[in-house]
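Protein chains: 4
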Amino acid sequence: MSTTHSNASDVASMVETYTATRKASEEFAAPLAIEDYMLQAMDDVSPTKWHLAHVSWFFETFLLKPYLGGYKPIEERYEYLFNSYYNTVGPQYHRPSRGLISRPTVAEVYAYRKHVDDNMLALFEQASPSLAAEIAPLVRLGVNHEQQHQELMVTDLKYNLAINPFKPAYHDREIPRGVATPPLGWVEHPGGIVQTGWEGDSFAFDHESPRHDTLLHPHRIASRLVTNGEYLAFIADGGYERYELWLSQGWAKLNGEGWKAPLYWEQIDGAWWHYTLSGMQKVDEHAPVVHVSYFEADAFAGWAGKRLPSEDEWEHHAEKLAIEGNFADDRLFHPVPLDTGSGLPAGELSQMYGDVWEWTGSAFLPYHGFTPLEGGPGEYNGKFMMSQMVLRGRIRSHTPESHALNLPQLLLPA
Amino acid sequence: MSTTHSNASDVASMVETYTATRKASEEFAAPLAIEDYMLQAMDDVSPTKWHLAHVSWFFETFLLKPYLGGYKPIEERYEYLFNSYYNTVGPQYHRPSRGLISRPTVAEVYAYRKHVDDNMLALFEQASPSLAAEIAPLVRLGVNHEQQHQELMVTDLKYNLAINPFKPAYHDREIPRGVATPPLGWVEHPGGIVQTGWEGDSFAFDHESPRHDTLLHPHRIASRLVTNGEYLAFIADGGYERYELWLSQGWAKLNGEGWKAPLYWEQIDGAWWHYTLSGMQKVDEHAPVVHVSYFEADAFAGWAGKRLPSEDEWEHHAEKLAIEGNFADDRLFHPVPLDTGSGLPAGELSQMYGDVWEWTGSAFLPYHGFTPLEGGPGEYNGKFMMSQMVLRGRIRSHTPESHALNLPQLLLPA
Amino acid sequence: MSTTHSNASDVASMVETYTATRKASEEFAAPLAIEDYMLQAMDDVSPTKWHLAHVSWFFETFLLKPYLGGYKPIEERYEYLFNSYYNTVGPQYHRPSRGLISRPTVAEVYAYRKHVDDNMLALFEQASPSLAAEIAPLVRLGVNHEQQHQELMVTDLKYNLAINPFKPAYHDREIPRGVATPPLGWVEHPGGIVQTGWEGDSFAFDHESPRHDTLLHPHRIASRLVTNGEYLAFIADGGYERYELWLSQGWAKLNGEGWKAPLYWEQIDGAWWHYTLSGMQKVDEHAPVVHVSYFEADAFAGWAGKRLPSEDEWEHHAEKLAIEGNFADDRLFHPVPLDTGSGLPAGELSQMYGDVWEWTGSAFLPYHGFTPLEGGPGEYNGKFMMSQMVLRGRIRSHTPESHALNLPQLLLPA
Amino acid sequence: MSTTHSNASDVASMVETYTATRKASEEFAAPLAIEDYMLQAMDDVSPTKWHLAHVSWFFETFLLKPYLGGYKPIEERYEYLFNSYYNTVGPQYHRPSRGLISRPTVAEVYAYRKHVDDNMLALFEQASPSLAAEIAPLVRLGVNHEQQHQELMVTDLKYNLAINPFKPAYHDREIPRGVATPPLGWVEHPGGIVQTGWEGDSFAFDHESPRHDTLLHPHRIASRLVTNGEYLAFIADGGYERYELWLSQGWAKLNGEGWKAPLYWEQIDGAWWHYTLSGMQKVDEHAPVVHVSYFEADAFAGWAGKRLPSEDEWEHHAEKLAIEGNFADDRLFHPVPLDTGSGLPAGELSQMYGDVWEWTGSAFLPYHGFTPLEGGPGEYNGKFMMSQMVLRGRIRSHTPESHALNLPQLLLPA
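Chains as they are written, first to last, in this note's numbering: chain P, 1 to 414; chain A, 1 to 414; chain H, 1 to 414; chain V, 1 to 414.
Treat the hints loosely; a few may be bogus.
Copies of the same chain are indistinguishable here, so a pair counts whether it falls within one copy or spans any two.
Keeping only pairs whose Cα atoms sit at most 25 Å apart, straight-line, the calculated DSS-like set for lysine-lysine is [claimed, not checked]:
#1 260 / 158
#2 383 / 260
#3 23 / 320
#4 306 / 320
#5 23 / 306
#6 158 / 383
#7 114 / 23
#8 158 / 72
None of these hints come from the bench; they were simulated from the model.
Full structure from sequences and hints, please.
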């Protein structure tokens, strides 16, 4: 977020963005059975019900309580129950037990959402121009926070449904299958001092700023994502059996958990299938590989004689491209083969936005000159800058063992 | 065990008992929100949804599949999903993850129940006299199995709701409060060889037989249960702080988990409250103490200069009494003070049935001459005869750290 | 229990027993390298160095400090460091870390022993007849305590050396090999009320008393121990692969730890070997099987169509026999085949003393009328009466998963 | 290491360096009791005995076996037992159990060392000039490897002795105490492209190369290390109680393990003491703070309104300084106050070498252009480039929770 002075004080626009975002969360949840809202299949995922409540808590805590005179919470104890990790606000309910709370029920959580929405609209309505200007950055942060949780709802729900031996589908959307893999090209860069980091009027999280000088080494970057077909060649070549390809920590993980392929992959009668939100599907060799951990991405890159891009390299190339792609808004929730995707050319640096998040070879650390926000929102990002690698697309980082929705780009050292 | 007195080959009576038992399970669940059915707040409890399905699985597996020609399961994979621990039947879904399964939904589980019921009724209807005679013991076992799970549904649900910081009540039944604690009397017994273990026409689990000789030492047994008031005196006298009162394993548990009082007790503004299925209630000094582990029961008895009764002593005294009391059928789900209870005299050996289960000082081991049932039902009890102490009332045993619905009787060594 | 028959108030005899016992401990340790004294290969075993110090601590704590005027400890902090589990004495050093203490060194522990011995002899020397009478039971307890730790030193050292991939031998004593297995006979007993439990002048631990009535059912008991040959038949018949033979808790353990044979057994080029204190040896089919857990003993007995004896049965038969056998005093530290053993007849109830400890089917619980000792020694046994099964020979009990030096006797139900 | 072509082929110099290094390891161990050699007080430290054997294994594996014709190992199985983590060489003995191996004894390990030394000298003696040139880089790597383990022997021994409640001293060297803390100055740097990474004839580990361009931002760096006095002010200001100063992972660690001060610190009667290899000492407010984790260093820097230097900044400043300081060779094994140290001026950038290792704010990742060595030595460093932060002085990195011998430098953002 931060210090944007855009037309965010335009109340009508604020209302529109707020309303659209809130609606999108509920639309995502609409196909779920009540029982699905409760699932927390491991400590690091959260129930859909919790996400829907927590994003409301964010608006209640940072907007309604400080700025709406006479605001009355629907339930005082939600302050504790739906706080994720904000010590500034107070103690938090034990995270791994979020799935053990049946009350409030789903209906009560929707009532909570409505209560927050009604009051937010009241706040917008009565806001003077100066108050509107003051709350605009927080509203924008809240909206982006909810959008971030929409992505988490997708990945968490996928994990929660996938552990069910029945492998239930979330929806019946058909995932397009590829016909041919476009050839791999390389985009050259001569290196030199460039600037990365966000600056401008539109929204960014605090840790995406400030814009600062950085030195790129001469390099070239692959024109498209690694495909399942290419990843299958890695597997076939003993990729999961050769210690010399792996970081020591990754090799221990692989052996401890018996990794043989990306998360959600399963071999059935000799063929590879994987779980998707459209149910079990045969792996499409033309589609981008997805759900690989950093360890797998790094091992694959080393096997291919390449390396992962640095975050600076990724960002420098990406910021020249139009922000178009197969996003969560499209509700497919699965990457598409390049030759079927959204009319994008199979040319230079395709699919950098949308489809997947992409591992970089950089650690998640503060940009030069980083300053966290004041107060509660200052706990958003800075305190997590340790033991994570940068994953780009939408968010900046993840623990290296995480099999998030992602895949590596290939880079040849110049 | 217990009260099924029908002529087992009498089909009409079989239908009646079957139908009544199945209905009772669903009546228990009726007040629940869908979300409540999903809860598994620790490995040793199961979701209500799972209980409702598993008891149906029992009839399907041991009656419908072997005896109903042309029987078609509603879903083949339930054989695996709802098997608790019967290796004879096949592999079992991972027990601690029962709460992570959203599908089948609650509605689908009720459809499963209906499918099993319809087919069971068809089986009863078309059974020849000889088939009726053959299936009667299995039906009786299935009915008692479901009744046992009804008790588990109560204790499991209580645990599952109690961990919710909102402490939601299951129902609004009012628990009677005592006015005075009846004086403690002692029933003497001269000792000698007696017989214990079940024999007869009515139902008993395999491990409750055979009837066999046992030697009682001269002893006397308390006429009523220990009250909360008496237990509060133990707490006030440093009961939870004096290592010399505790078994070594219990003392380690107490320290490791910070025990200060029975499970579900909480001190609020200096007064003791406890969670009940009617919500948080002030502890009633005249009511029997409940939810103490074996370690607590044993420490209390030692502190009082007494010991727990042996299983043989308990059974010998109990089998002379009428089977009357405050049972789960009464749906109060909480013990009542003796002076308010069901019109029972406060005299000799009150409340041995109903209200609570009672710890004995005996280990859970086979009765002399014990033979398990054949096939799958043979896994019901025998293989668990290790590391448990005998708890009487309805079931025979539990792990010593379990805070089940129970309390100690006091016995003076003669 | 055992064989100290001196008149306890006879000081000369006290000195003699004390001195002999203290010497025996040091003779056991004599072949060890300094490094061996330090080993603690799992939480439940203790380093030899610790045992040697702790038994001295026992005399210091319960004899020297209370009874020897002006006694000065060689090091005050040993009171804490070498306390095993006596809360009465004070806090204890963390048990699983006993192997992490290099100082005091082995030499310093021997100096500690000498300091205690010198002072104990001074105490004996200056004891008035009445003091001698007062301390005699405590000296006797201390001597028996040290003898018990001598057995623990053997089993702990065996475990500690066995985990070394070099499988170092403790000594080069040759273990006699059998030529033929004597036929199995059965000793009949008509049942009835008998007395068990110790009573008399010689020493016994508190939990071995009092003598009390008990009811034996008619039974017969095997005339000799189960052999390795018989146990190999159990293995060959799928003993470790058939769930129906095992207690549920044992089956989980077997699968969790990959049991395929008794502890210390290893299959090398198709033949079974096992680690002994004389190094790796080929398993002798004529020798008693040893190092089986309760779960294995119970599974074997069930497979053989028998059961384990109850403690009362074992004790009733054993107490009629002369206390002769292959004891730790003989320093072989391994059971011998019956046809090579000490000239004992292969007849009725052989090898009940010595060679091995024997699992019974009884839980470790207080004998009727049991009263613990006063003060510190009262923590010796009573507080461990939970979750253990009775193992006879020398000590009364062990956890069921322990692979102690033991084996089952077979009993046919009459 | 890498591709150095210095006069390393000079055999006499090789012999001299080799001999001196081998001798230094044994001199370090000389004051130890045999028992001390065995200690492994947590998984991440190794027994001194193991270190002494493993460094010999390195020479045996990478020099003697490939290059000395007819070489006979003293014990074949040491190849497995003393392999640390080289999968190229073969499987490895379980690391956390290194302290559970009593045999080979300490004397046998010294015999192993002598066997390796005798054969290494034979190899040197018979080496042709071309062989000498070929082995020179490996000898140099082996020597530096052994020196690295000498530092580990110091830190591991310190941890191993410190957990002993008797807090035994390793030696009786007196640690100089400071009189006054020199004022803190700041060295300015204008930023710009500089080169870091090693290049030249002298030795470096592979991950310290190649030399490459890097961009420094304008900054200033503190002229001296943070003192205990300054760190005490942080503690007094609630440093260990204020969540907002800590990374989330560090705050969890602090709470989980109850951190209140640096490792080895203890408050006795209101004053702070800490364990040193000279025994318990009062904390000297003028001496550099030491044994802080990355989390503590980072929290301190944030509290002081500063940040930690980047690795590039540290290296750029350090490489201009003479390599002088209070090194392990000096055998004090503790940092000294600046005003008492080795005659160094209290001026610009003091104590960057010696005394302590210093945390930087950089993650441990490959330098641009990094290529690991071929074969076994290639496993030395590259595979550990994950989840570690860079710690400079001698080694490049450590896990952030490690309380190594280190402390932060302060840097003001320009």
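Verification of the hints:
For a Cα distance limit of 25 Å, the shortest separation of residue 260 from residue 158 inside one copy, 20 Å, qualifies, whereas the shortest one across copies, 40 Å, does not. Proximity of residue 383 and residue 260 under a CA criterion of 25 Å is satisfied inter-copy only: 20 Å between copies versus 34 Å inside one chain copy. Neither within a single protomer nor between protomers do residue 23 and residue 320 lie at most 25 Å apart by alpha-carbon distance, with minima of 31 Å and 61 Å respectively. Taking identical chains as interchangeable, the C-alpha atoms of residue 306 and residue 320 lie at most 25 Å apart only when both belong to the same chain, with a minimum of 24 Å there against 34 Å between chains.
In this homomeric assembly, residue 23 and residue 306 never come within 25 Å of each other (Cα to Cα): the closest approach is 43 Å inside a single copy and 44 Å across copies. Proximity of residue 158 and residue 383 under a CA criterion of 25 Å is satisfied in neither setting, with 27 Å inside one chain copy and 32 Å between copies. In this homomeric assembly, residue 114 and residue 23 come within 25 Å of each other (Cα to Cα) only inside a single copy, at 11 Å, whereas the closest approach across copies is 38 Å. For a Cα distance limit of 25 Å, the shortest separation of residue 158 from residue 72 qualifies neither inside one copy, at 36 Å, nor across copies, at 32 Å.
In summary, the structure is inconsistent with hints 3, 5, 6 and 8 from the numbered list given earlier, while agreeing with the others.
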